[in-house]
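Take any residue in the sequence shown, count from 1 to its spot, add 306: that is its number in the working numbering.
You may find that some hints are simply not true.
What the hints assert, rightly or not - Lysine-lysine pairs mimicking DSSO-like chemistry, simulated, CA-CA at most 30 Å apart:
no., residue 1, residue 2
1, 431, 314
2, 314, 360
3, 431, 360
Claimed, not checked - What follows is a set of in silico ranges between Cβ atoms, one per label pair, in the way DEER data are often shown:
no., residue 1, residue 2, range
4, 436, 377, 37 to 47 Å
5, 389, 351, 15 to 25 Å
6, 309, 447, 22 to 32 Å
It is worth saying that the hints were derived from the structure and are not from the lab.
The model shown is predicted, which means the values in this text are computed figures rather than measured ones.
Every residue, glycine too, gets a C-beta built ideally from N, C-alpha and C.
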Amino acid sequence: MGIEIERKYLIASAGWRDLVTATQLLRQGYLTAGSGVTVRVRTVDDRLGYITIKSGGSALARAEFEYEVPIADARQMLGYVRGAQIEKLRHLLDLPDGDWVVDEFQGRHAGLLIAEVELESPTRKLDLPDWLGDEVTGDPQYYNSSLAMLVGGEI
């Protein structure tokens with residue numbers, strides 16, 4: 307069992323763009339969400355497929371099980387999702403203090419930018435970049451599973 311320890315932030319300025327080392331196109335949806343458990347299917351650059359099960363846990367840390375699946379299976383499973391599919395560009399960043407990414411949402415949520423950092427410990431102190439905005443860790447409206455269920459697309 308893996309434990310995901312993650313903090314999320316809105317973006318206040320474009321300073322992060324100079325730190326991008328790679329970009330991936332993610333398409334994902336939720337086969338189930340609620341009752342403290344989500345089951346997500348995701349494709350990466352339409353070449354790799356994953357299925358992920360996450361527990362409710364705390365806002366900062368929760369159990370996560372992620373498995374690679376054949377891309378054809380992942381594409382088919384995306385047809386079974388509840389709500390809408392989410393499409394986003396995931397920008398990998400070169401920063402200390404953990405694995406940082408910025409998700410740049412496309413489609414219904416175009417314009418939404420969320421930075422995430424995965425940590426080894428929930429008590430890890432971070433030197434936060436000045437381009438970060440408000441922390442939204444634990445705010446359900448910024449969970450990807452919540453965004454997938456939004457009718458209008460705007461938060």
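To see whether the hints hold, each was checked on the structure:
no.	hint	in the structure
1	431 with 314	holds (14 Å)
2	314 with 360	holds (16 Å)
3	431 with 360	holds (24 Å)
4	436 with 377: 37 to 47 Å	holds (39 Å)
5	389 with 351: 15 to 25 Å	holds (23 Å)
6	309 with 447: 22 to 32 Å	holds (24 Å)
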